[in-house]
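Undergrad: Line by line, the protein sequences give chains A and B. For the first sequence, the working numbering gives the first residue as 150, with consecutive numbering after it. For the second sequence, the working numbering gives the first residue as 150, with consecutive numbering after it.
None of these hints come from the bench; they were simulated from the model. Each hint should be verified, as a subset may be incorrect.
Derived Cβ-Cβ restraints for the label pairs, each shown as a range [stated by the list, open to error]:
#, chain 1, residue 1, chain 2, residue 2, range
1, A, Leu447, B, Gly200, 13 to 23 Å
2, A, Gly248, B, Gln212, 40 to 50 Å
3, A, Asp233, B, Glu460, 18 to 28 Å
4, B, Ala388, A, Gly304, 26 to 36 Å
5, A, Pro449, B, Glu216, 34 to 44 Å
Here a beta-carbon is modelled for each residue, glycine too, at the ideal position from N, C-alpha and C.
There are 2 protein chains.
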Amino acid sequence: MSSPAPSPGSTGAPGPTVGVDVGGTNVRAAVVGADGSVAAEVRAARPTDWGAAIETVADLVRQLRKEGPEVPAVGVGVAGLVDDDGVLRYAPNIAGVLGAPVRSELEARLDVPVVVDNDANAAAWGEAVHGAARGAAHALVITLGTGIGGGIIAGGRVYEGAHGFAGEVGHFQVDRHGPRCACGDFGHWEARASGRALGRMGRERAAGGRLPAVLDRAGGELEAITGAMVGDAALDGDADALDVIRDYAAEVAVGFAGLANILDPERIVVSGGLVRLGEVLFGPLRAAFARHLEASELRPRIEVVAAELGEWAGVIGAAAMARELVPPG
Amino acid sequence: MSSPAPSPGSTGAPGPTVGVDVGGTNVRAAVVGADGSVAAEVRAARPTDWGAAIETVADLVRQLRKEGPEVPAVGVGVAGLVDDDGVLRYAPNIAGVLGAPVRSELEARLDVPVVVDNDANAAAWGEAVHGAARGAAHALVITLGTGIGGGIIAGGRVYEGAHGFAGEVGHFQVDRHGPRCACGDFGHWEARASGRALGRMGRERAAGGRLPAVLDRAGGELEAITGAMVGDAALDGDADALDVIRDYAAEVAVGFAGLANILDPERIVVSGGLVRLGEVLFGPLRAAFARHLEASELRPRIEVVAAELGEWAGVIGAAAMARELVPPG
Numbered sequence: 150m151s152s153p154a155p156s157p158g159s160t161g162a163p164g165p166t167v168g169v170d171v172g173g174t175n176v177r178a179a180v181v182g183a184d185g186s187v188a189a190e191v192r193a194a195r196p197t198d199w200g201a202a203i204e205t206v207a208d209l210v211r212q213l214r215k216e217g218p219e220v221p222a223v224g225v226g227v228a229g230l231v232d233d234d235g236v237l238r239y240a241p242n243i244a245g246v247l248g249a250p251v252r253s254e255l256e257a258r259l260d261v262p263v264v265v266d267n268d269a270n271a272a273a274w275g276e277a278v279h280g281a282a283r284g285a286a287h288a289l290v291i292t293l294g295t296g297i298g299g300g301i302i303a304g305g306r307v308y309e310g311a312h313g314f315a316g317e318v319g320h321f322q323v324d325r326h327g328p329r330c331a332c333g334d335f336g337h338w339e340a341r342a343s344g345r346a347l348g349r350m351g352r353e354r355a356a357g358g359r360l361p362a363v364l365d366r367a368g369g370e371l372e373a374i375t376g377a378m379v380g381d382a383a384l385d386g387d388a389d390a391l392d393v394i395r396d397y398a399a400e401v402a403v404g405f406a407g408l409a410n411i412l413d414p415e416r417i418v419v420s421g422g423l424v425r426l427g428e429v430l431f432g433p434l435r436a437a438f439a440r441h442l443e444a445s446e447l448r449p450r451i452e453v454v455a456a457e458l459g460e461w462a463g464v465i466g467a468a469a470m471a472r473e474l475v476p477p478g
Numbered sequence: 150m151s152s153p154a155p156s157p158g159s160t161g162a163p164g165p166t167v168g169v170d171v172g173g174t175n176v177r178a179a180v181v182g183a184d185g186s187v188a189a190e191v192r193a194a195r196p197t198d199w200g201a202a203i204e205t206v207a208d209l210v211r212q213l214r215k216e217g218p219e220v221p222a223v224g225v226g227v228a229g230l231v232d233d234d235g236v237l238r239y240a241p242n243i244a245g246v247l248g249a250p251v252r253s254e255l256e257a258r259l260d261v262p263v264v265v266d267n268d269a270n271a272a273a274w275g276e277a278v279h280g281a282a283r284g285a286a287h288a289l290v291i292t293l294g295t296g297i298g299g300g301i302i303a304g305g306r307v308y309e310g311a312h313g314f315a316g317e318v319g320h321f322q323v324d325r326h327g328p329r330c331a332c333g334d335f336g337h338w339e340a341r342a343s344g345r346a347l348g349r350m351g352r353e354r355a356a357g358g359r360l361p362a363v364l365d366r367a368g369g370e371l372e373a374i375t376g377a378m379v380g381d382a383a384l385d386g387d388a389d390a391l392d393v394i395r396d397y398a399a400e401v402a403v404g405f406a407g408l409a410n411i412l413d414p415e416r417i418v419v420s421g422g423l424v425r426l427g428e429v430l431f432g433p434l435r436a437a438f439a440r441h442l443e444a445s446e447l448r449p450r451i452e453v454v455a456a457e458l459g460e461w462a463g464v465i466g467a468a469a470m471a472r473e474l475v476p477p478g
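With the rest of the complex left out, here is chain A (with noise of 0.2 Å):
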């Protein structure tokens, strides 16, 4: 991040401003007021050249300026390693983005102050200020995706670390053993605990002729089953999804606990679109998570609750970003 993290609960320009969630697929803008209201939305698809790229999220904020109100800032998460001066140092999923210098590029093509964080810390200042972290000043905001990213939530602010690379909380191993990871090490978490690993999980279960309702849900087709349809049988009340999912849960809980030991968080708040699964998913987690937690019976519980702002979190979070750079009245 390249400004100073603001506080819960501060609001700074009382006007609106602009955030940016650059995704693996989509960029997505739009005008948030000062209350985390979604006014306005654009979206393109994400050229895969990093160039290409930082020109679509301008022509996305300036469509957002034509038809609406004037922003004075505008906030960018962006999936990657973001350094202090808003230079994206590494992003596995972005050809040509090593040392690119997002903030400064943005701000000579926008002319307004721009700040630039990973898409994960957005998210979770989003959370922290507007959503499920509301209220705590030291919280987890975990989003279990097709990887896991998450943000800590360190005394009301988001904390970035020496360099504005904490917060890769998917990237610690579980298992020496286990599946390589999109980082290239082995066992990581997020090889075992993302949405992607519950569908290899499916995958795996359906292969020992074990998950039948599943496979009927993939058109008979192994290779098909994804972690949605394991969660939509779950939801069915298929037993045999339910299994899984909780098996799943085990898998997220480990690395809860860990997490929880290192940074003991009043509470953890899971964002992606696994969360729709309710007390199907967190039933199995919060149980789960107890047992894995060193002493959890002798300390103040850490709540572990869904995420509010969905898909917008990181908009809304980066648009609270920016709302700091703007000085109040």
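Chain B: place on chain A using the hints.
TA: Just chain B, lined up with the frame of chain A:
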């Protein structure tokens, strides 16, 4: 910790304070100057009963006061989970300790302000103010001993988390198939990378006939092999022992990488008896750390250095915490 953590470099009271380290077998207390110098020291065996241990701590402090200057505040580090009110919630190795109000009991006996924190947090603060973490706003201080203790320096302060329990860095799972940890869960980093784990690695290697020089040091008794013996043999240049140290360094590095991905420190300070191995340990440790850290070639280097205060870190850090209780001047 029962008061806000101070910032490194701040000195608080200009005069000496008392620091106490309640360890596994001994209680040690000393008068420590504002420059970190240790002026007087006393110690005693730690009673296994918690009530008696509190009396021992109070007696040692009274003894120091009788022989030396009047001290305005006392800091105490204890192995276990200490909450924000100075209550010891959980200590795996002390009997009858659940919910012991350490701070209030000591303040009643000593009639000066007392601060109580986890021993590893105290040691981390000692290194931050007077030792190898000096000048680093974001650092980890990791003690490789019987277990693995750790303290997180974040923004120039000890990071305590929501309830004072942060920094239990030994207790995240790195190997689901790994040995049982002292806390009851399985495959934690502590169980694989502590000094005790080095002894286990040595015994396993010797059982396979591949560590003859170390087996000699143990008088031919396999079960007598300790981590220290492996270290001694490695320092003498024994190739087999050096190989064990390399494997051990890789275990340590896996945890360092996970913590660095989560917390992005600028420096990791290693303490504990194994520090005496110098480059025999630190060489392979730095190399393995770089291999496991996400995008390590694209980010600023995270230093891995030896602690400077040795076994005094806890006492010196606790005294430095106490110094902050005293108004300057």
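Undergrad: Now, for every hint given, state plainly whether the structure supports it.
TA: Status of each hint after checking the structure:
1. The beta-carbon spacing between leucine 447 (chain A) and glycine 200 (chain B), approximately 19 Å, falls within the hinted interval of 13 to 23 Å.
2. Look at glycine 248 (chain A) against glutamine 212 (chain B): about 60 Å separates their beta carbons, and that is not inside 40 to 50 Å.
3. Range check, aspartate 233 (chain A) to glutamate 460 (chain B): Cβ separation about 36 Å, and the 18 to 28 Å hint is violated.
4. Between alanine 388 (chain B) and glycine 304 (chain A) the Cβ separation comes to about 49 Å, which falls outside the hinted range of 26 to 36 Å.
5. At about 41 Å, the CB distance of proline 449 (chain A) to glutamate 216 (chain B) agrees with the hint of 34 to 44 Å.
The structure is inconsistent with the numbered hints 2, 3, 4, although it conforms to all the rest.
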